[in-house]
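**Student:** Read in my numbering, the sequence shown has 227 at position 227, and its numbers run on one by one without any break.
Just so you know, the hints here were simulated from the structure itself, not pulled from any lab data.
Since the model is a prediction, treat every value here as computed from it, not as a measurement.
Where hints are given, some of them may not hold.
As the list claims (entries may be wrong) - Straight-line alpha carbon distances no greater than 30 Å define the calculated DSSO-like cross-link-like pairs of lysine-lysine that follow:
1. 245 - 53
2. 120 - 53
3. 191 - 169
4. 52 - 27
5. 238 - 196
What the hints assert, rightly or not - Computed beta-carbon distance windows for the label pairs:
6. 230 - 154: 47 to 53 Å
7. 11 - 136: 34 to 40 Å
8. 154 - 245: 31 to 37 Å
9. 195 - 218: 29 to 35 Å
10. 2 - 150: 25 to 31 Å
11. 203 - 177: 32 to 38 Å
12. 173 - 108: 39 to 45 Å
13. 136 - 237: 40 to 46 Å
14. 11 - 58: 32 to 38 Å
15. 236 - 82: 39 to 45 Å
16. 52 - 152: 50 to 56 Å
17. 58 - 173: 29 to 35 Å
Just so it is clear, CB atoms sit at the ideal spot from N, CA and C, and this is done for glycine as well.
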Amino acid sequence: MKYISYSLWGDNKVYTYGIVENVLDAKKFYEGWIVRVHYNDTVPQNIIDWLKKQDNVELVHHPGTKTKASNTLWRFEDLFIKDATVNVRDADSRITERERILVDDWLSSDKDFHIVRDHKDHVCPIGAGGFGVRNNCIEYIGVATGTRSVNEAPYHFPLGIELMNLFLKDLSKDRDVYIVDQLFLAQYVYKYVINKSMVHCSHNAYEPFAKRLNPIETGFMGEVVTDCPRASEIMGDKETSFERKGAY
């Protein structure tokens, strides 16, 4: 199965209408893929009702009304679905032809992980809304044991889903903030997957083997988009552009 995975909560239309826009774009650019939306009880019912009617959407309900930054990690659960190919994306960005070209380049390679840094501000090793995984490559994640003995294994290999759940369990309130999802990726995933990754970069090419992209001012992968004209029409909203506000 092939998924595009999102987390969604709150009622800010940049995100709730944004997911509608992305579902429509996925029908154009990702034929045969399923948009998998993780959400909780804070999302307006009209959005959920519309999503339920779409033939390229699966909804994953997370009970409750939590509005924490760590909600962004709901979508990471899909990374551990057996034999799935998964792209993780943000609801306030848009699926584009540029993105699809990069994804096709990755899928035609022998690499199991995909990283895109397409803007000068994309400084994290793995952007939480711009990566992909396949072939169960993080079913297990190597974690250093700290041993200095050559007679002991330097790594142990917990299940990736268990490692993520432990990360969330141990997450203190002061760390449950913006980019907590990228903290998990940087702390545990990057060093384990980088040698089996295709990296596309217009900026911040940390790896000598990264494939360079021509920088563009608008239309880059991961660009925040606040205009939602199609979603506004569907929802009967006269406004088409909205203010982006943090949902935590």
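**Student:** Decide, hint by hint, whether the structure agrees.
**Tutor:** Status of each hint after checking the structure:
1. Note on residue 245 and residue 53: the hinted pairing holds, with a Cα-Cα distance of about 27 Å set against a maximum of 30 Å.
2. About 38 Å separates the Cα atoms of residue 120 and residue 53, which puts this hinted pair outside 30 Å; it is violated.
3. Restraint check for residue 191 and residue 169: the C-alpha separation of about 22 Å stays at or below 30 Å, so the hint holds.
4. For the suggested pair residue 52 and residue 27, the alpha carbons sit about 15 Å apart, so the restraint of at most 30 Å is met.
5. Of the supplied pair hints, the one linking residue 238 and residue 196 is violated, its CA atoms being roughly 47 Å apart against a limit of 30 Å.
6. Taken as a hint, the range 47 to 53 Å holds for the pair residue 230 and residue 154, whose Cβ atoms sit roughly 52 Å apart.
7. Judged by the Cβ atoms, the range 34 to 40 Å given for residue 11 and residue 136 holds: they are separated by roughly 36 Å.
8. Under the hint 31 to 37 Å, the C-beta atoms of residue 154 and residue 245, about 45 Å apart, miss the expected range.
9. At about 33 Å, the beta-carbon gap between residue 195 and residue 218 stays in the expected band of 29 to 35 Å.
10. Roughly 42 Å separates the CB atoms of residue 2 and residue 150, a value that falls outside the hinted 25 to 31 Å.
11. One distance hint, 32 to 38 Å for the beta-carbon pair residue 203 and residue 177, is violated here, with the actual separation near 24 Å.
12. Look at residue 173 against residue 108: about 44 Å separates their beta carbons, and that is inside 39 to 45 Å.
13. Checked against the hint of 40 to 46 Å, the C-beta distance between residue 136 and residue 237 comes to roughly 42 Å, which is consistent with it.
14. As the Cβ distance of residue 11 to residue 58 is approximately 22 Å, the hint placing it in 32 to 38 Å is violated.
15. Evaluation of the 39 to 45 Å hint for residue 236 and residue 82 yields a pass: the beta carbon distance comes to about 41 Å.
16. Checking the proposed 50 to 56 Å range against residue 52 and residue 152 shows it holds: the Cβ atoms sit about 52 Å from each other.
17. A hinted range of 29 to 35 Å holds for the C-beta pair residue 58 and residue 173, which are about 31 Å apart.
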